[in-house]
Amino acid sequence: DAGVIQSPRHEVTEMGQEVTLRCKPISGHDYLFWYRQTMMRGLELLIYFNNNVPIDDSGMPEDRFSAKMPNASFSTLKIQPSEPRDSAVYFCASSFSGRYQPQHFGDGTRLSIL
Amino acid sequence: GDSVTQMEGPVTLSEEAFLTINCTYTATGYPSLFWYVQYPGEGLQLLLKATKADDKGSNKGFEATYRKETTSFHLEKGSVQVSDSAVYFCALYINDYKLSFGAGTTVTVRA
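Chains as they are written, first to last, in the working numbering: chain X, 1 to 114; chain G, 1 to 111.
Derived from the structure by calculation, the hints contain no laboratory data.
Check each hint, because a few of them may be wrong.
Derived list of chain G stretches under chain X, where covered just means 3 residues or more per stretch with a C-beta under 8 Å from a C-beta of chain X [claimed, not checked]:
#: 1; region: 41-51
#: 2; region: 93-99
Here are the in silico distance ranges between beta carbons for each label pair [what the hints assert, rightly or not]:
#: 3; chain 1: G; residue 1: Thr70; chain 2: X; residue 2: Gln80; range: 18 to 24 Å
#: 4; chain 1: X; residue 1: Ser97; chain 2: G; residue 2: Ala111; range: 39 to 45 Å
#: 5; chain 1: G; residue 1: Arg110; chain 2: X; residue 2: Gly28; range: 26 to 32 Å
#: 6; chain 1: X; residue 1: Thr20; chain 2: G; residue 2: Ser3; range: 29 to 35 Å
Computed list of chain G residues with no C-beta within reach of chain X, every gap over 12 Å [as the list claims (entries may be wrong)]:
#: 7; residue: Thr20
#: 8; residue: Thr24
#: 9; residue: Thr26
We put the CB at the ideal spot given by N, CA and C, even for glycine.
Next comes chain X alone, as it looks inside the complex:
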């Protein structure tokens, strides 16, 4: 079975550029989550969606960050303009509905902003 698919796996870009990260959740999963992982702050939940609708975006750090889910099989996380402090590994995860369902993670996008 295909797991959560993220692209690109690595992204290096200069500060000020727009960055778009992509995620394809597991088919049939109703929930989609975006996380950021850094050495300093660990794993942080940025935003999550239920049935393509954003439910909680309280973890999004600034207005420079935005996320969309136009359909059940695709989501994007966009940073515009990017800054060096956005360098991190970004993970997408998905899960079924129901309380306390396990979340299935993609392999992440390692983002470096120069």
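With the hints as your guide, set chain G onto chain X.
Chain G alone, transformed into the frame defined by chain X:
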């Protein structure tokens, strides 16, 4: 708010050694508890879970028991292998869908 605290690493062991990673939680109720594992270059994978007091989760030789009296969910494995080298995260749900992770413990197993 609800949270987990896990022992800091890194932890370095020899093959076949016994591994324990401590995790304690703070919660107003009785949360479901999880251990996730992250292998190098990969995302997190669910390792095991327990949904109520005295439950024991187990998988791949790892075990953890939900102890309400000590608010703990320590991860153990009796004989580790090099392939167990990874980062291990304790976690709980702070609402129906929002996971809170511990800081992670890096485990390195030497041959």
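Quiz prompt | Contradicted hints - numbers only | solution = Hints 3, 5 are the ones this structure does not satisfy, whereas the remaining hints hold.
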